[in-house]
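**Q** Sequence:
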Amino acid sequence: MAIDKKVKDLMIPLEDYPHIPHWFTLRQAMAIIRGAAVKFEGAFEPRAALVFDEKYQLMGMLTLRDMIKGLEPSFLQETKLVKIDPNLTAIMGDFLGPNLKEHSQRLVSEVMSPIQVTVDGECPHLQGPLPDDQRRRRPDAGDPG
742 MAIDKKVKDL
752 MIPLEDYPHI
762 PHWFTLRQAM
772 AIIRGAAVKF
782 EGAFEPRAAL
792 VFDEKYQLMG
802 MLTLRDMIKG
812 LEPSFLQETK
822 LVKIDPNLTA
832 IMGDFLGPNL
842 KEHSQRLVSE
852 VMSPIQVTVD
862 GECPHLQGPL
872 PDDQRRRRPD
882 AGDPG
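According to our numbering, the sequence shown is numbered sequentially starting from 742.
Honestly, I wouldn't trust all of these hints.
As the list claims (entries may be wrong) - List of simulated lysine-lysine pairs, DSSO-like, C-alpha gap at most 30 Å:
no.: 1; residue 1: Lys780; residue 2: Lys747
no.: 2; residue 1: Lys780; residue 2: Lys746
no.: 3; residue 1: Lys746; residue 2: Lys842
Treat the hints as calculated values from the structure; they're not laboratory data.
All chains should be modelled from the sequences, with the hints used to inform the complete structure.
**A** Pasting the structure below:
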């Protein structure tokens with residue numbers, strides 16, 4: 742029995758996600774995401790915005806976590822050598838306020854997550870999550886070999 746569902750039939754359309762250019766500030770991005778949340782209230786709440794370059798090529802996405810990290814003061818940001826206790830943020834709340842406005846002017850491109858994997862919307866939904874090399878080796882249902 743053939744399954745006719747494609748990846749695009751299971752995904753939220755890209756048009757429904759907020760779109761922002763990479764030169765927007767975090768403050769501008771927050772306003773766009775908030776507007777999208779109000780627009781789709783009850784049906785879909787965007788937890789990220791798609792980030793595009795000047796030629797409207799997808800560069801990455803800005804998640805809520807990316808925004809929070811972008812608003813953190815530099816002394817609270819983790820490095821490979823230093824791991825921050827998550828409870829420290831609550832204790833250090835007084836230090837976040839004074840520079841929060843300044844940090845909200847950071848560019849989206851500085852804190853966004855780059856796109857690492859894309860899936861063709863026309864791909865059968867069972868093959869969509871597979872890496873390209875495994876898709877090629879996977880036998881076709883109609884192929885006897």
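**Q** It remains to establish, for every hint, whether it holds in the given structure.
**A** Outcome of the hint check:
no.	hint	in the structure
1	Lys780 with Lys747	holds, 27 Å
2	Lys780 with Lys746	holds, 28 Å
3	Lys746 with Lys842	violated, 46 Å
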